[in-house]
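K.L.:
Please build the complex by placing chain B on the supplied structure of chain A, with the hints as guidance.
These protein sequence lines map, in sequence, to chains A and B. Be aware that the first sequence starts at 1, since it is given in this note's numbering, and climbs by one per residue. Be aware that the second sequence starts at 1001, since it is given in this note's numbering, and climbs by one per residue.
None of these hints come from the bench; they were simulated from the model. Certain hints may be false.
[Claimed, not checked] Residues from chain B that keep clear of chain A, each with C-beta distances beyond 10 Å, as calculated:
hint	residue
1	K1003
2	N1005
3	W1092
4	R1108
5	Q1117
6	E1118
7	M1143
8	K1145
9	N1147
10	E1155
[Claimed, not checked] Stretch-level coverage of chain B by chain A, calculated; a stretch enters the list once three of its residues show a Cβ under 8 Å from a Cβ in chain A:
hint	stretch
11	1012-1022
12	1032-1043
13	1046-1053
Beta carbons are placed, not taken as given, at the ideal position from N, Cα and C, and that holds for glycine.
Below, each chain spelled out in residue letters.
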Amino acid sequence: MDSKQFNTQILTLSDKLFRLAKSMLRNTEAAEDAVQELNMKLWEKRKNLNEIENVQAFTMKAMRNLCLDTIRQQKVEGELPAEFEFQELNPYQQTEHKDLAGRVKKLIDNLPELQRTIIRMRDVEGLEIAEIAFITSITENAVTVNLSRARQKIREKILSEQKHVEETTWKR
Amino acid sequence: MEKINKLLEEYFRGETTLAQENELKQYFTSQKTVKAEHEVYKALFIAFDEERKETASVPSSRVLLLQHKPLRFWIKTFSYSGIAAALFLALWIQRPQQENDYAIINGRRIDNPQYAQEYARKKLNAVHEMVQNGLKPLRDMEMLKENIRSSNRNELIKSDKTQIINN
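Pulled out of the complex, with its shape left as it was, chain A reads as follows (with noise of 0.2 Å):
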């Protein structure tokens, strides 16, 4: 691969790279660095990307993997708190949050790794299941199984939130 098909095949999809960094790492600078190093590392192998059937996949499973490592590097030198579910916000906190997407994002970034990585390759990015099976290193069927997961979460989530508000509102 010559560094006019690397531009045009891989460096353009420095925006989703960056976008499942950020969802695994949950650290813009983080994942802005994870998006330069896999670059790097692809740019040096890049005489045997050609053999590659699909470079997405393969380069989000590059990256998915890199996070991993990172994640795992900092959960040993103690910088990054045990996996965390679902927080329920104060009352402080939801008047916090009155732009309601951006408490959804909240919502997703509260899940599992696993789930919020499925979640956000399926409806930010738009990927197959076979894709996202392919990039997470598991069949479709779990794929299918925590995607669901997710979104049940989430859905209950929101769900919760706004029968809370409507009594709030109707108690005043």
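P.N.:
What follows is chain B alone, placed relative to chain A:
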């Protein structure tokens, strides 16, 4: 609206296709107001839409720098080659001209300087001899004139002595 409700249920079960999901996204993001019962899900699809527009600031700057390294190498190589070629051309133009000296002897070009010098020396000697031989009659005439002049001078001295004695 029944269709949207059905699609939503399938969506949350993870059973929709990409085309069906696009239909839902279209429904929730392209219009300002949706049916009241769907309003609660609007933020979900707007969030996905907003995230899709998020871009990295400078994700490829380092790798682009790497790509330009070989270009800089070739620019330098061509520059240095050009300078070297110009220097060589200047030296070649100003080189000592004797390298191109030659002689024409009997209509033939002679590049061997030793042969040419030897040939010239022989010819010059021949000319010298010819000149010497040609001047010999003139030298004889000079000697004759000198002898005549000296005999006349002797005659004058003799006559002067005789006059002094007579006086």
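K.L.:
When the structure is checked against the list of hints, which entries are broken? Sort them ascending.
P.N.:
Of the numbered hints given earlier, the structure breaks none, since each of them holds.
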